[in-house]
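Asks: Each chain, letter by letter, is given below.
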Amino acid sequence: MSSANWKFLLGGAVVVAALSWLGFVGFQESKSYYITVDEFSAMKNDLQGKTLKIAGDVVEGSIERSGPGLEFVITHSGKNLKVRYVGRDVLPDTFKGGSKAVVEGTLSEDGVLLARHIEAKCASKYEAEYNKKTT
Amino acid sequence: MSNFGAFCLLLALCLSLYGLFASLLGAILKQHRIVRSAERAAIASCASILLSLAALLYLLATSDFSVAHVAQSTNRELPVFYKLAALWGAHDGSMLLWVFVTAVFSGIVVLQNRFRYRDMMPYVVAVLMFNLSFFLILNLFLSNPFNELVQVLPDGTMHKFSPQDGRGLNPLLQYWAMIIHPPILYLGFIGFVVPFAFAIAALITRQLGDTWIRTTRRWTLITWLFLGVGLILGGKWAYVELGWGGYWGWDPVENSSLMPWLTGTAFLHSVIVQERKGMLKVWNVLLVVITYLLGIFGTFITRSGIINSVHAFADSKLGVFFLYYMLLVLGGSLFLIIDRLPYLKSERRLDSVLSRESAFLFNNLLLLVACFAVLWGTMFPVLSNWVEGTKITVGPPFFNSVGIPIGLMLLFLTGVGPLFAWRKTSVESLRRAFLWPMAPALLVCIALLVSGMRSFYSLVSFTLCMFVLVTIAQEFWKGTRVRVRNTGENFALAMVNLTLKNKRRYGGYVVHLSIVLMFVGLTGNAFNRQTSQAMVPGDEMQIGRYTLKMTDYRDGDSPNYQYGRVTLEVYRGGKLIRTMQPEKRFYKASDGQSTTEVALYSKPLEDLYVVFAGVSNDGKRYEITAHLNPLVWWVWFGAAVMVVGTLITLLPDRRISFATAQLSAAEAAAVETGVQAK
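Quick mapping for you: the protein sequence lines, in order, are chains S and F.
Each residue of the first sequence is one higher than the one before, starting from 1 at the first, in our numbering.
Each residue of the second sequence is one higher than the one before, starting from 1 at the first, in our numbering.
It is possible that part of the hints are untrue.
As the list claims (entries may be wrong) - Taking lysine-lysine and the DSSO-like style, the derived pairs with C-alpha atoms no more than 27 Å apart in a straight line are:
hint	chain 1	residue 1	chain 2	residue 2
1	S	K79	S	K100
2	F	K588	S	K100
3	F	K345	F	K236
4	F	K236	S	K96
5	F	K345	S	K100
6	S	K7	F	K345
7	S	K96	F	K588
8	F	K317	S	K100
9	F	K424	F	K503
10	F	K501	F	K549
11	S	K7	F	K424
12	F	K345	F	K277
13	F	K160	F	K277
14	F	K549	F	K575
15	F	K277	F	K503
16	S	K7	F	K277
17	S	K96	F	K620
18	S	K50	S	K31
19	F	K478	F	K503
20	F	K501	F	K478
To be verified - Distance ranges between label pairs, derived from CB positions:
hint	chain 1	residue 1	chain 2	residue 2	range
21	S	E109	F	Y601	50 to 58 Å
22	S	G69	F	F527	23 to 31 Å
23	F	Q151	S	F24	51 to 59 Å
24	S	G69	F	R554	39 to 47 Å
25	F	R214	S	F24	26 to 34 Å
26	F	F456	S	E109	36 to 44 Å
27	S	A17	F	F527	28 to 36 Å
Treat the hints as calculated values from the structure; they're not laboratory data.
Cβ coordinates follow ideal geometry from the N, Cα and C atoms, glycine included.
Construct all of the structure, not just a fragment, from the sequences and the given hints.
Replies: Right under this line is the structure:
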């Protein structure tokens, strides 16, 4: 292999190594465990301090504005979790009672999830819901 | 009518399967007539799918709610335009659109090449029909838009059922950019099957020069353009409609359209080296296979539900089929490439790291690494679930930590690439070439530092933007000056003619310019600001140099939705410059889906972006969030320039260009001059 090829490979390796390191740091900073509410209640003890992304359905009527924030309950397969939204972003339009939501945040001492970020399902898929309504 | 539509799809599948087998048979037996019949089957298949599409459009337009797809995605009140666009508003119909575009592209390729490449075409047709058949099978048996609604009665019997009204099109989709976004993206994903098919045919027939590349160059460019535009439109929609103030969230579905664009960009550049120097042949076949597969992968992620995303349609039955198809295609392609490796040997070697070949190679590497990083981050939940049992997701910090450095390195290459010579650049010529662009770039850097900017990446970005801008200007300047000297044309005309005579190169430079402009816009993100306040009429709110004063709130009713509208007066330096009216709407159909109508005041320097989040708890105040997003305008402007640049490279070659040499009066009289336009 020519010396140009070696130089190229070396340079390339250095760049890839640097990027991998940067990527690793970024990874650690942003990783969160994606689980459903029932999985969460099964794992409660291991999850202190970790960033969690918990998926569930927003319980109808549970959305309450308390002070500057917002509290609600999400549920999945029979298990419930109380969530307090402490983020700054405007809530997504798809977020309301009954919608599927994913909340990201950390667990507070009193067992409430302090959510920094809320995503709610974009509603282009209606199939299952519609069939239920029509029968 | 729905039966007719479904029948046409079935017919199309039979025709495309016939096309697949007949073209292979004809190639093996060297029977031209069998191959011809396969080509005719491909065209017929396209016609059949067109009929099927027309049937679905008819059902949508006439609001036939007995058909599930129509009931799911339209309602009676919906304007006709949206009723038709609802074709791709839900999963099944969008599948039919995908199949339709695939069939049309296949048909065009067959027609374009009916007198050419007779040795390769049977294999091209076979690959195209294999691709089409796969999607037709999915469309017919797993996502059939002609399925009818049935009602299951308590006693277990089923009978057909047609609701009074449909569920309506999600109001979030009732926006121009969202309406054209899926079809444009499809054009961007699907088109890569054409260079892929030709690459496979070239491998099979061992014709691994650059024929397969040159003949599909237009297809690749147009597809790449549509993919890029689709990405921008999605971002524009997110920015204007969703109200969170940004245009890119590193969402899995966004990422899945970005990945083929990254490898497609690498492919577009890499083929230049093969055409000029006969190098990077293995890179090129690999890149085209990867790009095609990433397009399939993209639609797989969106439709299979394997990754949770705010976009995902989620239908897990499809996932398995996609997986098998992708593995089959990947395995077959790799086998072919490895078997034909001797034909893919490079005609030259790399002479120097400071060469244009090296820059292109590095370009490939960076784009591939970027694509891998995005793939890694997107698929990590699936991987971690498989290995550890819990899904671990990663967010923007990961993607940005890798994406930003790679982007900046690519930006650097954009400026430096044209400065390198083929084979080897002497240090002396490098020094001369770098000097001009480096000076203004350093000035920019110093000026920004002096003005207080400390963000490392932002400083690097703006400095590089200036650097690349000057290198591009330098290229146009040098080329135009040479032309002026040779032809005596005036400067402006010379520049136009220069571009028209070297469309690929100078059109490419325009596209590079557009990338610089977009980077300027992207860098503005580092300086975004936002502030929120619960206001009542009379209150004021400050952001940057703007003061927002709330003057009014009113509720209202319109046929489709109810709304709450806040009126704000915007002052800058004490002067009233604008009134803004952000709204919150509640749609009556679609389960009371709400939307946020952002009030946007966009200038090149910064965007003032105001959102009405809702009424506060006590019902007496109105939550207003204002964002100040610098330089966003340049992203959209840069995108427009990118389209122009790409169109320049796509212009057909004309016989005669405008105004040629200067003739003396006597010569001019003697020679008959005229411009023959075709």
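Asks: State for each hint whether it applies.
Replies: Okay, the hints, checked on the actual structure:
no.: 1; hint: K79/S to K100/S; verdict: holds (15 Å)
no.: 2; hint: K588/F to K100/S; verdict: holds (20 Å)
no.: 3; hint: K345/F to K236/F; verdict: violated (44 Å)
no.: 4; hint: K236/F to K96/S; verdict: holds (25 Å)
no.: 5; hint: K345/F to K100/S; verdict: violated (53 Å)
no.: 6; hint: K7/S to K345/F; verdict: holds (21 Å)
no.: 7; hint: K96/S to K588/F; verdict: holds (15 Å)
no.: 8; hint: K317/F to K100/S; verdict: holds (21 Å)
no.: 9; hint: K424/F to K503/F; verdict: holds (25 Å)
no.: 10; hint: K501/F to K549/F; verdict: violated (56 Å)
no.: 11; hint: K7/S to K424/F; verdict: holds (14 Å)
no.: 12; hint: K345/F to K277/F; verdict: holds (12 Å)
no.: 13; hint: K160/F to K277/F; verdict: violated (65 Å)
no.: 14; hint: K549/F to K575/F; verdict: holds (12 Å)
no.: 15; hint: K277/F to K503/F; verdict: holds (20 Å)
no.: 16; hint: K7/S to K277/F; verdict: holds (20 Å)
no.: 17; hint: K96/S to K620/F; verdict: holds (21 Å)
no.: 18; hint: K50/S to K31/S; verdict: holds (9 Å)
no.: 19; hint: K478/F to K503/F; verdict: holds (16 Å)
no.: 20; hint: K501/F to K478/F; verdict: holds (15 Å)
no.: 21; hint: E109/S to Y601/F: 50 to 58 Å; verdict: violated (44 Å)
no.: 22; hint: G69/S to F527/F: 23 to 31 Å; verdict: holds (27 Å)
no.: 23; hint: Q151/F to F24/S: 51 to 59 Å; verdict: holds (55 Å)
no.: 24; hint: G69/S to R554/F: 39 to 47 Å; verdict: violated (27 Å)
no.: 25; hint: R214/F to F24/S: 26 to 34 Å; verdict: violated (42 Å)
no.: 26; hint: F456/F to E109/S: 36 to 44 Å; verdict: holds (37 Å)
no.: 27; hint: A17/S to F527/F: 28 to 36 Å; verdict: holds (31 Å)
Hint compliance for this structure: hints 3, 5, 10, 13, 21, 24, 25 are not met, and every other hint is.
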